[in-house]
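Please model the entire structure based on the sequences and the hints provided.
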Amino acid sequence: AEVEETLKRIQAHKGVIATMVINAEGIPIRTTLDNSTTVQYAGLLHQLTMKARSTVRDIDPQNDLTFLRIRSKKHEIMVAPDKEYLLIVIQNPCE
Amino acid sequence: ELKEEFTRILTANNPHAPQNIVRYSFKERAYKPISYIDQMAIHFSLNGNMILRDSDEGRRQSMRLSIASEKALVETSAVISEEAEIKDEESTEDTQAAGEEEAEGVGAAEVAEGAEAEEPPPPRVKEQKLANQFNFIERASRTLDNPLRERACQSEPTPCKNFSATANQWEIYDAYVEELQKMEKSKEKEKPKAQTAKKEEKKKGRKLTSLESQSDDITNISKAAKIMERMVNQNTFDDIAQDFKYFEDASDEYRDQRGTLLPLWKFQYDKTKRLAVTAISWNPKYKDLFAVGYGSYDFMKQSQGMLLLYTMKNPSFPEYVFSSESGIMCLDIHNDHPNLVAVGFYDGNVAVYNLKKATSQPSYKSGAKSGKHTDPVWQVKWQKDDMDNNLNFFSVSSDGRIVSWTLVKNELVHTDVIKLSAEGTTTQGPEGLQLQTLGCGTSFDFHKKIDYLFLVGTEEGKIYKCSKCYSSQFLDVFEAHHMAVDSVSWNPYHLKVFISCSSDWTVKIWDHTVKTPMFIYDLNSAVGDVAWSPYSSTVFAAVTTDGKAHVFDLSINKYEALCTQIVVAKKKNKITHIQFNPVYPVVIIGDERGHVTCLKLSPNLRKMPKVRTTEALNHSGSLYACSLSPLLCAVRLAKLLS
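Protein sequence lines, in the order shown, are assigned to chains P and R. If you're matching positions, the first sequence starts at 1 in full-length UniProt numbering and goes up one per residue. If you're matching positions, the second sequence starts at 1 in full-length UniProt numbering and goes up one per residue.
Treat each hint with caution, since some may be false.
What the hints assert, rightly or not - With a straight-line cut-off of 20 Å between C-alpha atoms, the simulated PhoX-like cross-links for lysine-lysine are: (1) R:LYS313 x P:LYS8; (2) R:LYS226 x P:LYS8; (3) R:LYS301 x R:LYS273; (4) P:LYS8 x R:LYS271.
Keep in mind that the hints were calculated from the coordinates and are not lab data.
Structure representation (structure tokens):
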């Protein structure tokens, strides 16, 4: 569908290392990495997203988390939370 | 009857015991039966006359006995035996056994005392007799232990369930919001049946979608995927995004009023590589969204057309894609309904696309029966809603008709507004008919304030000033250009000024009350498009087919462009259209290869007219117009003098 195309485009974009889709329980549904790394990313980022969302909503319950970006020395991890899913993209921003 | 057996049951109950004793209870003031009746039957009771030997009386008696024992030794032994015989005759075992024991004990004690008495007479001193330790018997008995048996009973345990939850600020908020929604739903249910029928349909629709979403895993993530794509793009085009937001060309100070255009993003799509950009328009509501129409200007090479909507947030892929059989020549987005895009085709049809609907087909389309144009439609423009609150738009075409299309229910209804009859060109047709050759309209523009007034540019180079009210006559004619007028545009602030450009290499600025142009600019190449800037009444930009973009500011320099810049490679590509963004200092330029380039205006090109504080309370339009009017006056004076 359209979503599939969008995900393909994201994966094909310059600098993108990996794309992952995680469901609400932290179980990966789609991934372009190997299993063990995916599971590791899934577990850790799921917890972090929960914590971030909880923080945002505690401050103002009408607010909600839309996007989470972690920039590290080597690459950038972007997390887009949805109601039931979590979309994670690891990109190497060209500098 | 004699053989009948009578059974006799031996019970432990006392047959002589009364069975229903009733006692008066003072508490309840009634006779109450006693629940338990004593079943004990005493068969024999004997009051014994034994005294403890060591007690006072016992010692006294033993003294007396010791004195009298010598005399009546034989008598006492006879008495004892008689007593023992009497006791033997009794029936109860217990007392018999006890009696025997007592008799024996007494007998033993008596015998002992007798033996002692036969000895030489003891001194009659009240001395304690020593107890016979060797002859002392202690006897004990114990009742039977009832064997214990354990009996237990267990009821079914109540079912237990583990429940855990966190109480956060936002969990509480969510719960309240749910409650609110439930209350609203129940309120809706109370409304009359006619409405509930509709809502049931809606609910069915909702149920269907929820079922679909459960089965199809991935589609739910579309929103997140979209945001992610934009973020990924932002990362890749990070420097461009930073330039767009923050970069101001500092070298403009040294350039002596001249400015530059900084290229930012380039938008392109695979399927439009062979098509030319024929129309661009910014969306009035979402300032970063713009629509691009693709088609072909070449008469021989006509192919399909496309309508793409891009956003500056995602330069690598369009947001919306629509394709059509015929090339698109023009488009316009409705001001109040930014999801409706009116489009004119090369084959003379018009269509309206609705962006909110998922289909790639237009919502409304004209056809041969519904009065489509016989020549390409060069421009469409939305109008204000008519008296029936129907949406309507105008279209102009080379067949010389200006047609108003109204969206009525599911159809497009057309009404001819004006036929551009070229003056003095009535020809004699067959059978002596007077044929009116029609001029070919190539562009038009409606006045911002005066609703009925509009301008039409034609292929012959004339500009007609028309009114919606008069369908056969023009208000005025301007002999504008020598070749086709490619674009006309009213000044957004100054109510009398308009600009026109043409393939005869010129751009002319007019005052609609004056027949001759105010300003004429020769740009050395056919001018494809011209546009006023939204922030100043004196700034406008023009693009020519040699790949250059020219930006003029009349308040700074009346004769020359402030910026002349090559945007695309000269020989291979021609620029076709230019549009200013209403909010941001960018322009988008479309070319013949299907590319759209976004350029940022340098500060020199963006100078706002000076605003006098005393007039700050007036309408802002007139403020900006003030900057242009002195120029016009100066030009008129100059002409009068010459």
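For this session: Hint by hint, work out which the structure violates, then give me just those numbers in ascending order.
Result: Those not satisfied: there are none.
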